[in-house]
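The UniProt record's numbering applies: residue 1 is where the sequence shown begins, and numbers increase by one.
Hints listed in this document are in silico derivations from the structure and should not be mistaken for laboratory results. Note that beta-carbon positions come from the ideal geometry of N, C-alpha and C, so glycine has one too. There may be inaccurate statements among the hints.
List time: in silico DSS-like cross-link candidates among lysine-lysine, alpha-carbon distance up to 25 angstroms [claimed, not checked]: (1) K558 with K573; (2) K270 with K3; (3) K481 with K434; (4) K58 with K3; (5) K273 with K295; (6) K573 with K113; (7) K558 with K475; (8) K484 with K473; (9) K30 with K87.
Derived DEER-like restraints, expressed as beta-carbon distance ranges [said to hold, decoys possible]: (10) A234 with L63: 51 to 61 angstroms; (11) E117 with F399: 18 to 28 angstroms; (12) E117 with E479: 45 to 55 angstroms; (13) A234 with E438: 52 to 62 angstroms; (14) E69 with E543: 46 to 56 angstroms; (15) S54 with D26: 13 to 23 angstroms; (16) E117 with L63: 44 to 54 angstroms; (17) T329 with D290: 31 to 41 angstroms; (18) V512 with A234: 48 to 58 angstroms; (19) G445 with K139: 54 to 64 angstroms; (20) M333 with G468: 51 to 61 angstroms; (21) V512 with V260: 17 to 27 angstroms.
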Amino acid sequence: MNKVVFQFEDGGDVTIFAAPGENLLDLARKANVVIDAPCSGNGSCGKCRVQLMSGELKSKKTLHLDDNEFNEGWRLACGSAVVSDVKVLVPDIASAYKSRMKTADLSSPAEIKIFNELQDNLHSVGMHEGGQLKVFAVKMDMPTLEDTMPDNERFSRAVCEVTGASNVIVPFFVLKKLPDLLRDNDFALRCVGELYEGTIEILDLSSDTGTAPVCGLAIDIGTTTVSGVLVDLATGSILSKASAGNGQIRYGADVINRIVEQQKQGGVQKLQKAIIDETLLPLIDVLCKDAGVPKKRVFHMTVASNTTMNHLLLGVNADFLRTEPYVPTFFSMRPVLTRALGIELAPAAKLSVAPNIGSYVGGDITAGALASMIWNAQELSMLIDLGTNGEIVFGNTEFLMSCACSAGPAFEGGDISCGMRATTGAIEAVTIDKDTMEPAMSVIGHIRPVGLCGSGIIDMIAELFRTGIINGKGKFVREGKRVKHDEFGIGSYILAFPEESASGRQVAITEVDIDNFIRAKGAIFSAIMTLISSLGFTPDMLEHVAVAGGIGSGINIKNAIRIGMFPDLPVEKYSYIGNSSLAGAYAMLTSEDAATKLNEIARCMTYLELSTQPGYMDAFVAACFLPHTDAALFPS
Numbered sequence: 001m002n003k004v005v006f007q008f009e010d011g012g013d014v015t016i017f018a019a020p021g022e023n024l025l026d027l028a029r030k031a032n033v034v035i036d037a038p039c040s041g042n043g044s045c046g047k048c049r050v051q052l053m054s055g056e057l058k059s060k061k062t063l064h065l066d067d068n069e070f071n072e073g074w075r076l077a078c079g080s081a082v083v084s085d086v087k088v089l090v091p092d093i094a095s096a097y098k099s100r101m102k103t104a105d106l107s108s109p110a111e112i113k114i115f116n117e118l119q120d121n122l123h124s125v126g127m128h129e130g131g132q133l134k135v136f137a138v139k140m141d142m143p144t145l146e147d148t149m150p151d152n153e154r155f156s157r158a159v160c161e162v163t164g165a166s167n168v169i170v171p172f173f174v175l176k177k178l179p180d181l182l183r184d185n186d187f188a189l190r191c192v193g194e195l196y197e198g199t200i201e202i203l204d205l206s207s208d209t210g211t212a213p214v215c216g217l218a219i220d221i222g223t224t225t226v227s228g229v230l231v232d233l234a235t236g237s238i239l240s241k242a243s244a245g246n247g248q249i250r251y252g253a254d255v256i257n258r259i260v261e262q263q264k265q266g267g268v269q270k271l272q273k274a275i276i277d278e279t280l281l282p283l284i285d286v287l288c289k290d291a292g293v294p295k296k297r298v299f300h301m302t303v304a305s306n307t308t309m310n311h312l313l314l315g316v317n318a319d320f321l322r323t324e325p326y327v328p329t330f331f332s333m334r335p336v337l338t339r340a341l342g343i344e345l346a347p348a349a350k351l352s353v354a355p356n357i358g359s360y361v362g363g364d365i366t367a368g369a370l371a372s373m374i375w376n377a378q379e380l381s382m383l384i385d386l387g388t389n390g391e392i393v394f395g396n397t398e399f400l401m402s403c404a405c406s407a408g409p410a411f412e413g414g415d416i417s418c419g420m421r422a423t424t425g426a427i428e429a430v431t432i433d434k435d436t437m438e439p440a441m442s443v444i445g446h447i448r449p450v451g452l453c454g455s456g457i458i459d460m461i462a463e464l465f466r467t468g469i470i471n472g473k474g475k476f477v478r479e480g481k482r483v484k485h486d487e488f489g490i491g492s493y494i495l496a497f498p499e500e501s502a503s504g505r506q507v508a509i510t511e512v513d514i515d516n517f518i519r520a521k522g523a524i525f526s527a528i529m530t531l532i533s534s535l536g537f538t539p540d541m542l543e544h545v546a547v548a549g550g551i552g553s554g555i556n557i558k559n560a561i562r563i564g565m566f567p568d569l570p571v572e573k574y575s576y577i578g579n580s581s582l583a584g585a586y587a588m589l590t591s592e593d594a595a596t597k598l599n600e601i602a603r604c605m606t607y608l609e610l611s612t613q614p615g616y617m618d619a620f621v622a623a624c625f626l627p628h629t630d631a632a633l634f635p636s
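Construct the complete structure from the given sequences, taking the supplied hints into account.
Below, the structure is given as structure tokens:
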């Protein structure tokens, strides 16, 4: 056995023992050492960089590391095998996504304003706070020798009188508390119950003077990030908010890699543990601690996530989602007890999942469609949710159609040599001087740059195209200090030379990167066009386009149009609506009306499987150009 020490750049280390020849990335996963691996270890992304400090690793030479970096000990964890005792340095950037991801999570006044406006919109159509969870007080006559009715019957009669329910369920854990609580409080109690079709289930009992809040959790589980809010269900007010990276990221940036990982021995438990134990439980701890609310006062939890995330969260086999005919195990399901998933809240707390629509359009889009109000619009409207995947909803009050396209790795920094997630050091906005070709940039954390995140990549390519540095094919056609060509003739633009970056490595975008991103933006635009044209409409008939998702918060709409990612419509027809998935989960949590509408939207929405559309591939190929091979689509 060989001793392997993972040393962290910001201090501390983790030790694990390995058999000779064991893969270093697999070891890191076993030791719960967070190393970003968007490609799930197939060697294509180059993001799992570690530095060999001592010992020996059998490592493959890769294009992701030049000779100088290799000589300095840099290796890809996925391509390295342990052959002796070793110590490796895990750079800070490898794990930054886990705790310092910039997300649309109500973390700014602008996002809070958008969130409040969405709730006002729901109120305007008659959807108000008030769900199946009821908080009420009951007062009973004390038993006497002439009145020896059992406690549970006495209590149940009082509950029916107050709530109008015809049946009362008193769970065993409540029954055990009942006799002492009744007598300690003169037969006056404060109750929390869930009313459904005339039956009320008692979830908690306390003294009649109790003031502890009755809370719920609304959670958006994205492929890359997870955001949540803790809500006082009596008032609908948000008590705390938090976000984090999805712990499953180290098993792959996209859902397909994670489904593949789930099929390995112990994979179901491993993926479920990554989202529950490593992500949700710490997130819930932070939310409750910040609000000063015990977890036992949380009685309901709503989750909006894509179809694959729903399966992985619940520990259900997701393999059939990725093979024809792409059938999920469920679209909708009854609430489950949170404790059945290892989430300890109130004893009877339940988790409700926003209903899915198709194999790759899930509850996050159902929730987003609810929050966007597209279902209440008379004019033709569209919702574009950009994250690891691109999901689109098109329609109005009369119909709704949806589709999904795989474009995520590039938007999250994958498939891009200098790409990274939206964490500290990521360039999120760029402009280039047309004459000098010098860049001006905005960096998350206000430090020297480390790489480019999704919004920065959009700006970068749009600016390179606007200034004539690249042509429509993404090839460099101007020369200058910032433009270089390697020995193979592949061009690149240098945003930061080694001495200008935080990592000591240059930050540059290459023609290969640009080509990868053009394919990603082409997938988005061709999905939009296929969805619209399938019903005989054209883009100019759209009156409103809502852009949602974490990446949406930083998108320069004008630049997205310039590179041919969005239709060439007046910019004022576009609006950013923040984390619409979280907003929909909140509405589902706090309003029975909204929860009913959410299920109605899911039942009525038609899912279009792009892979079965004969014209989709032609539309995709046509969109793989800046801005498009058909210039008439982009007159401006």
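Hints versus structure:
1. Of the supplied pair hints, the one linking K558 and K573 holds, its CA atoms being roughly 11 angstroms apart against a limit of 25 angstroms.
2. Between K270 and K3, the direct Cα distance comes to roughly 24 angstroms. Compliance with the 25 angstroms bound is thereby established for this hinted pair.
3. Between K481 and K434 the alpha-carbon distance is near 13 angstroms, which keeps this suggested pair within the 25 angstroms criterion.
4. For the proposed pair K58 and K3, the alpha carbon gap of about 15 angstroms is at most 25 angstroms, so the pair holds.
5. A threshold of 25 angstroms between alpha carbons decides the hint, and for K273 with K295 the separation of about 20 angstroms falls inside it, so the pair holds.
6. Between K573 and K113 the CA atoms are separated by roughly 19 angstroms; this keeps the pair inside 25 angstroms, and the hint holds.
7. Distance restraint check for K558 and K475: the Cα-Cα separation of roughly 22 angstroms lies within the 25 angstroms cut-off, and the hinted pair is therefore satisfied.
8. Taken as a hint, the K484 and K473 pair is honoured in the structure, with Cα atoms around 17 angstroms apart against an allowance of 25 angstroms.
9. Simply put, K30 and K87 have alpha-carbon atoms about 16 angstroms apart, close enough for the 25 angstroms limit, and the pair holds.
10. Checked against the given bound of 51 to 61 angstroms, the beta carbons of A234 and L63, roughly 58 angstroms apart, stay inside it.
11. For E117 paired with F399, a C-beta distance near 25 angstroms keeps the hint of 18 to 28 angstroms intact.
12. Our hint of 45 to 55 angstroms for E117 and E479 holds, since their Cβ atoms are close to 48 angstroms apart.
13. The supplied range of 52 to 62 angstroms is met by A234 and E438, whose beta-carbon atoms lie about 56 angstroms from each other.
14. Taking 46 to 56 angstroms as the suggested C-beta distance range, the pair E69 and E543 conforms, at roughly 51 angstroms.
15. Restraint check, S54 to D26: a C-beta distance of roughly 21 angstroms satisfies the suggested window 13 to 23 angstroms.
16. Taken as a hint, the range 44 to 54 angstroms holds for the pair E117 and L63, whose Cβ atoms sit roughly 47 angstroms apart.
17. For the pair T329 and D290, the supplied restraint of 31 to 41 angstroms holds, since their beta-carbon distance comes to about 35 angstroms.
18. The supplied range of 48 to 58 angstroms is met by V512 and A234, whose beta-carbon atoms lie about 56 angstroms from each other.
19. Remark: the range hint 54 to 64 angstroms for G445 to K139 is upheld by a beta-carbon distance near 57 angstroms.
20. Separation of M333 from G468 is about 54 angstroms and conforms to the stated range, judged on CB atoms against 51 to 61 angstroms.
21. About 25 angstroms separates the C-beta atoms of V512 and V260, a value consistent with the hinted range of 17 to 27 angstroms.
Of the numbered hints listed earlier, not one is contradicted by the structure.
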